[in-house]
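When you get a sec, could you build the whole thing from the sequences and use the hints?
Residue numbers (our numbering), protein chains in the order written: chain A, 1 to 502; chain B, 1 to 484.
Think of the hints as simulated: they come from the structure by calculation, not from any bench. Mixed in with the good hints, there may be bad ones.
[To be verified] Heads up, simulated DSS-like pairs for lysine-lysine below, C-alpha to C-alpha not over 27 Å straight-line: (1) K438/B / K370/B; (2) K370/A / K299/A; (3) K187/A / K439/A; (4) K165/A / K438/B; (5) K365/B / K451/B; (6) K109/A / K439/A; (7) K101/B / K160/B; (8) K438/B / K109/A; (9) K365/B / K438/B; (10) K109/A / K152/B; (11) K31/B / K365/B; (12) K439/A / K370/A; (13) K109/A / K365/B; (14) K152/B / K101/B; (15) K165/A / K187/A; (16) K370/B / K451/B; (17) K109/A / K370/B; (18) K165/A / K365/B.
Residue-level listing of the chains:
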Amino acid sequence: MFNHLLSLLIWLPVAGAIPVLLAGSTRPDLARWLSLLVAVLTFAVSLFLLVQYHPDAGGMQLTESYLWIASWGVHYSLAADGISVALILMTTFVGILVIAGAWEVIQDKPHQYMAAMLMLEGLLIGVFCATDALLFYALFEAILIPMFILIGIWGGPRRVYATLKFFIYTFFGSVFMLIALLYLYQKAHTFDIATLAALPLTMQEQTWIFFAFLIAFAIKVPMVPVHTWLPDAHVEAPTGGSVVLAAVMLKVGTYGMLRFILPIVPDAGAHFAWLIIVLSLIAIVYIGYVALVQEDMKKLVAYSSVAHMGFVTLGIFIAFLLVRESSNADMALLGMQGAMVQMISHGFVSGAMFTCIGVLYDRMHTRQIKDYGGVINVMPWFGFFYVLFAMANCGLPGTSGFVGEFMVILASFAANPWIALFAAFTLIIGAAYTLWLVKRVLWGDITNPHVAEMKEINGRETFVLVSFAAAVLALGIWPQPLVHLMDSSVSQLVQQLAIHKI
Amino acid sequence: MPNLNDILIMLPEFYLVAAVCLLLLLDAFMKPEQRPVLHWLSIAVLLVGVYLLIMGQPPQTITAFGGMFVRDRVSEILKVFALLTTVLVMIYARPYLIERKLLIGEFYTLMIFAVIGIMLLVSAGNFVTVYLGLELLSLSSYALVALNRDAKLPSEAAIKYFVLGALASGMLLYGMSMVYGASGMGGTPSLALEQLHNVMAYTTAPKLLLFGLIFMIVGIGFKLGAAPFHMWIPDVYQGAPTPVTAFIASGSKLAAFGMAYRLLDAGMGDLSQHWQLMLAVLAVLSLAIGNLVAIVQTNLKRMLAYSTISHMGYLLLGLAAAGPEGYAAAMFYAICYALMGVAAFGVMLALSRAGFECEEITDLKGLNQKSPWMAFLMLLAMFSLAGVPPLFGFWAKVLVLEAAIHANMLWLAIVGIVFAIIGLYYYLYVVKVMYFDKPAEGSVLQAQQDKPLRLVLSLNALSLLVLGLYWGPLLGWCRRAFGL
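Structure, rendered in structure tokens:
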């Protein structure tokens, strides 16, 4: 089993979706329990990663490789480093919570919903451990199918528009990456990412390939100005869809940057680092202001996701500046680590925020902030969690949101104080939009009679929120295990930044 | 005089001709209530044909009748898939034909005649064989389109198909005659493709040769249905009975690829620098017209017709690459398209019933609630046609794009990929209608209960997923066929 741990993690949920589908619409409870079983099993298996992966050794471990397409030399090859392990664990963890979160909320064809979730989970795990570029691409694109279905069937009133926009927008970006990969294949005659990383490329080639990769991943992250699909998709998606989208799917974009842009086109990456940094700062500052004026809770959190992901891209590309221009590898390492921690932290925080909104939506069937007010009076326990996650969202020390942002800001200060100044704006704006949201939803008097009828969270919802809260606090108070898990992988990435390929 | 060896080489073809003659006789002397047996007999005949093809597979390329007929790996693969997709069409067609009282001997015999045409065409080693195969295929297809002769639309479609087809055949013949003439200037005039291969080297009339080439490309473009020679496709697809449309979209496309390969590579390989660009132009036009016009269609058959045009654009990317890599990719694409197309039309056939033709896109409304399995099969077909991984259609697209880049036509690959994004919309729209819309009031949507249909259609659509996960062997065959 340990030789095929990663394969098992991919195929267990994908294959597990089949019995769930077969349970059919007539036995919804069987479908629910089966899918929960599969999700828990997957999580249990993913815990073995912690045993099998040796963080100190670094590099790619748990390697599996089989010749897949002989005449093209395409391999079904998987491997994981610390970053992959962390992301996979987050995926399997969130996987349980979205299934539990959808339990009785999804009444229409629950078996299909659960099956789509499980398939999505398996494919996402695959993305995080594929080391063959073509395999990565196939999985990267295949994610779109279950997500398309999830938003389209169980989404809100404008779901068709949102899901078509989501699919076509993200597909648009990735096809250019495909062309870039095929071009690289012409030169290297392989899709093995490690070999592609060693391939010498001229600056002109690197520039084209950089932008082809960038458009694919920037749309997924999403970065300004290609973020416009995200608010629509989030608002219309069912709660579980939003959670997976924010918590895991956005990370695919930044993960792709680490795996493709950094090693394959480092010189173009360094050359255009300023572009990404500027775009990240715009995301942090401008999108923060945009979030401030939102009247729809989901939209607000969606925009705040864009702003927070701005920190991840900032952290990755600030490392380029530090390594290439001031040879400050220590600070670069800090920035990169901050970006990684922020990735994981944002997964939990945004997932938790969307879950909270889902809890409110299930009771009131509205996401408009103005329809709420005084919720704390009827749902004190819910209020407790909501405030906790809101604090994490604005980066309060002691929560996971603080650690990553702080590290990235420190690193950017070393690169250029001005960058740090703008990045630090988030501490104000983030606090402003999140706390104002809390104020309008939780505090105050009950003005809407429907709010008075709201029921306190039940056991299932408490379980989901407690799990998220545990993760958020654990990472905030004691981030060391996570940092240690990723440490050697991140420093290897930083070392690669210094290598010139021209 | 043909000797026994020649006949043995052509055994599958001779066998099918004999079998179809027997079927004709049986049909004539059978009692009407026994006719349905013909269905199973025809399928058996085709399957035995597949068996003969695979068992008699020659170790290397061999020719019969003085080079008129070539039996090589390329033709073997195309023939096997043409026969298999025809079997699929027959199985899918049965309930449809019974309910419309069209289960008549003519359907089966014409179908098998068309298949024989395909087999001749893809094995052609001579202009005469090309023309013979083409006409056998086309004439059978014209008649098949008009199978339901009392209805207006099919008859109109058949006439259109016939007139335009005749025109294209004329163009092709004209082109052939020019090439024949040009080859005679400076050498012995030749109709054999093999001997024409280096005609450029000795002809004293290169202009005439190029003119001939252009006319031949028109003929090929027509058969493929590539823009701007695509006019017949939408009307014929919409007008023909759905099983016939399925056949034209699958087996016929394999034949078109075979014909293009024989004429261009075997015959005009020397002129590749000239026809490469022409094919690239055809490809761009097909991609543009196919994908853009498909978006506004409301009739599913018509939409799939325009989608065919765009798919032929992708196939042409491979052909335009003009090398073994490109041919292998294009053949892979043709096989892939045949399987996808037949699956999509198969679902339509499974949903049609007496008095209800499932052919408007809105007819599929809420299919996921009425018949989730059929909706899932259609979903596989649509995502595969759209080229979304991990389905089969994606890999076929990757292969032709790679071939184009390999042939230093990066721009063509980029055009191809841009139109893939545009084309995505109308396939997604079908999925949207099936999954996201509620069934219409009083919707009669219900899948046929015919067991063979359901089983084979499921296998067909699932094969798109399975081949998407494991396409190595098929690609290996395609590449070996072209000596890679």
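Here is what the structure says about each hint:
no., hint, result
1, K438/B / K370/B, "10 Å, holds"
2, K370/A / K299/A, "14 Å, holds"
3, K187/A / K439/A, "58 Å, violated"
4, K165/A / K438/B, "21 Å, holds"
5, K365/B / K451/B, "24 Å, holds"
6, K109/A / K439/A, "36 Å, violated"
7, K101/B / K160/B, "25 Å, holds"
8, K438/B / K109/A, "13 Å, holds"
9, K365/B / K438/B, "6 Å, holds"
10, K109/A / K152/B, "43 Å, violated"
11, K31/B / K365/B, "41 Å, violated"
12, K439/A / K370/A, "11 Å, holds"
13, K109/A / K365/B, "17 Å, holds"
14, K152/B / K101/B, "17 Å, holds"
15, K165/A / K187/A, "34 Å, violated"
16, K370/B / K451/B, "18 Å, holds"
17, K109/A / K370/B, "12 Å, holds"
18, K165/A / K365/B, "20 Å, holds"
Consistency note: the structure conflicts with the earlier hints numbered 3, 6, 10, 11 and 15.
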